[in-house]
Each structure stands twice: as C-alpha cells, then as structure tokens.
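With the sequences and hints as input, model every part of the structure.
Number of protein chains: 2
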Amino acid sequence: MRPGKHPSVAVDGLVMHDGKLVAIRRKNEPFRGMPALPGGFLELGETVCDAVVREVREETGLETRTVRLVGVFSDPARDPRGHVISIVYELGGVGGALKAGSDASDIVLLDPRSLPRMAFDHNEIVRGWLSA
Amino acid sequence: MRPGKHPSVAVDGLVMHDGKLVAIRRKNEPFRGMPALPGGFLELGETVCDAVVREVREETGLETRTVRLVGVFSDPARDPRGHVISIVYELGGVGGALKAGSDASDIVLLDPRSLPRMAFDHNEIVRGWLSA
Numbered sequence: 001m002r003p004g005k006h007p008s009v010a011v012d013g014l015v016m017h018d019g020k021l022v023a024i025r026r027k028n029e030p031f032r033g034m035p036a037l038p039g040g041f042l043e044l045g046e047t048v049c050d051a052v053v054r055e056v057r058e059e060t061g062l063e064t065r066t067v068r069l070v071g072v073f074s075d076p077a078r079d080p081r082g083h084v085i086s087i088v089y090e091l092g093g094v095g096g097a098l099k100a101g102s103d104a105s106d107i108v109l110l111d112p113r114s115l116p117r118m119a120f121d122h123n124e125i126v127r128g129w130l131s132a
Numbered sequence: 001m002r003p004g005k006h007p008s009v010a011v012d013g014l015v016m017h018d019g020k021l022v023a024i025r026r027k028n029e030p031f032r033g034m035p036a037l038p039g040g041f042l043e044l045g046e047t048v049c050d051a052v053v054r055e056v057r058e059e060t061g062l063e064t065r066t067v068r069l070v071g072v073f074s075d076p077a078r079d080p081r082g083h084v085i086s087i088v089y090e091l092g093g094v095g096g097a098l099k100a101g102s103d104a105s106d107i108v109l110l111d112p113r114s115l116p117r118m119a120f121d122h123n124e125i126v127r128g129w130l131s132a
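Line by line, the protein sequences are chains A and B.
Counting from 1, one number per residue, gives the positions in the first sequence under our numbering.
Counting from 1, one number per residue, gives the positions in the second sequence under our numbering.
It is worth saying that the hints were derived from the structure and are not from the lab.
Even for Gly, the Cβ is constructed at its ideal location relative to N, Cα and C.
Treat the hints loosely; a few may be bogus.
[Stated by the list, open to error] Pair by pair, the computed Cβ-Cβ distance ranges are:
| id | chain 1 | residue 1 | chain 2 | residue 2 | range |
| --- | --- | --- | --- | --- | --- |
| 1 | B | K5 | A | R113 | 33 to 43 Å |
| 2 | A | P80 | B | G128 | 29 to 39 Å |
| 3 | A | D50 | B | A132 | 18 to 28 Å |
| 4 | B | G92 | A | R68 | 34 to 44 Å |
| 5 | B | P80 | A | K99 | 35 to 45 Å |
| 6 | A | N28 | B | A132 | 31 to 41 Å |
Structure follows, in structure tokens:
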C-alpha cells in the first residue's frame, strides 16, 4: 500500500517493555535512522486491531494485544509521502522476545519521559498518550 | 473515493438534537432507505475531525464540533462495497437548522434507546457509544 489519490491508513502501537517504550530505528525513508513507534499500513481484509498486533510482531518480535484506542492522527502533513492517517493503540500482554524485523534496522528502548526526536508525529503521539 | 485495493476511510458522527439521535435516510445503495448516521468518506488533505463536521453539515445542515473519538470500526464485512473503516466521533455544539443534504433523502430523529435497524454496523456503533 502506498499513498495515492485517497488517504491511506496506518496503525501504530504504544508498547512498554521493562519500563521503556518500544521503538524501532527506521531502516527506510522517510525518517531513515530515526526512532519510530512500531507500525505500518493496514492491509485489505484485516481489522485495525489485528493490523497493529501484526505490525508489532513483525517489527519487534513481541506478542501483544490491544488495550485501548489512543487516538487518530490525520494531519495531511504528518507523512511526507502523502496523506496517511495513523490509528494508534496502546498494547499490552507482552510476550515473545525482542527481535528487529523487516522494516526496522534496530530496536530501541526509550525513556518515555525523555524522548529523542522521533519520526513522523510520534513525539506528539507519545506526549498525548502520557498526558491522557 | 471508492473502495479499491486498499481499505478506505470513512467518518461518521453521533449527534443528539432535542434528545434524539440525528440520522439520515439513505438515498443510495447500499442500504437505500435505511437510517444511517451522518457521515462519508475522508477526502485527501483534510483531517478526520474536519471531515466529520463537513459531512454532518452537508447531510443535515447542522453546525457541530467534535467532542470525542468514540471508536474505529474496521470489520472488513461491515460495508458490502468493500473494506471501509469508519472513524466515529461524538459531536456537540449544535447550531444551524436540520435540512437534508445531497446523500440523504430525509432526516430522521431516532430514540437512541429504541433504534430501528440501521445501515452498516451503525446499531452496534450506537449501542457501544451508549454503554461507554
């Protein structure tokens, strides 16, 4: 899925692991090399909850379940590739072992109270989640 | 926007007016003639909040603002046209006068505790909202 004439839908997951926020270091543009929440595009025929659990598994190795819907982020300028809306879930029930997947060059565990600059609007997403 | 190879994004609004839930009677298929929440497809370059306020204005004549995100409904079978996810907001601050718009043949004011069969999964959406 790539952004086109219509807005595309992505999902991103907020996962805590040993007191840290699980992020990936992006292997690809845009924002290559920057930390980002695990996530990706919704596929045809899957629910958003299934999609975010799948993306977190593929990118981090962790088995999770959705805990709650955090928000929908739809600023047309949030993704330089085009209009991509992100549906963000808090995930829990963590199992599995951390292991970087296909779209991640590395996994980074972040102190959520002292975040580096993240890709897209992910700093804003995490800040809103922490203050909710 | 029409459903295609990727999931499409729609928005739907929950608006109370004089103690009743504002619905439209669908002029077009699918579910022609059935009551539905006011809503429609997200356009390229607009936020989901702007989209739901616009759709409610176009379909009902009411001026509203978003109060809170109610949920994201993404069952691939919820729309017979294809995979359309719906992002649902509760709206308030109602102004303007009720007036059926382009995609609505009529406006219907429903008792939210005694709903008729609605289009798509809109009964489920309203039930979840009332029980939250």
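Outcome of the hint check:
no.	hint	verdict
1	B/K5 with A/R113: 33 to 43 Å	holds, 41 Å
2	A/P80 with B/G128: 29 to 39 Å	holds, 35 Å
3	A/D50 with B/A132: 18 to 28 Å	holds, 22 Å
4	B/G92 with A/R68: 34 to 44 Å	violated, 22 Å
5	B/P80 with A/K99: 35 to 45 Å	holds, 40 Å
6	A/N28 with B/A132: 31 to 41 Å	holds, 38 Å
Hint 4 from the list above is the single one not met by this structure.
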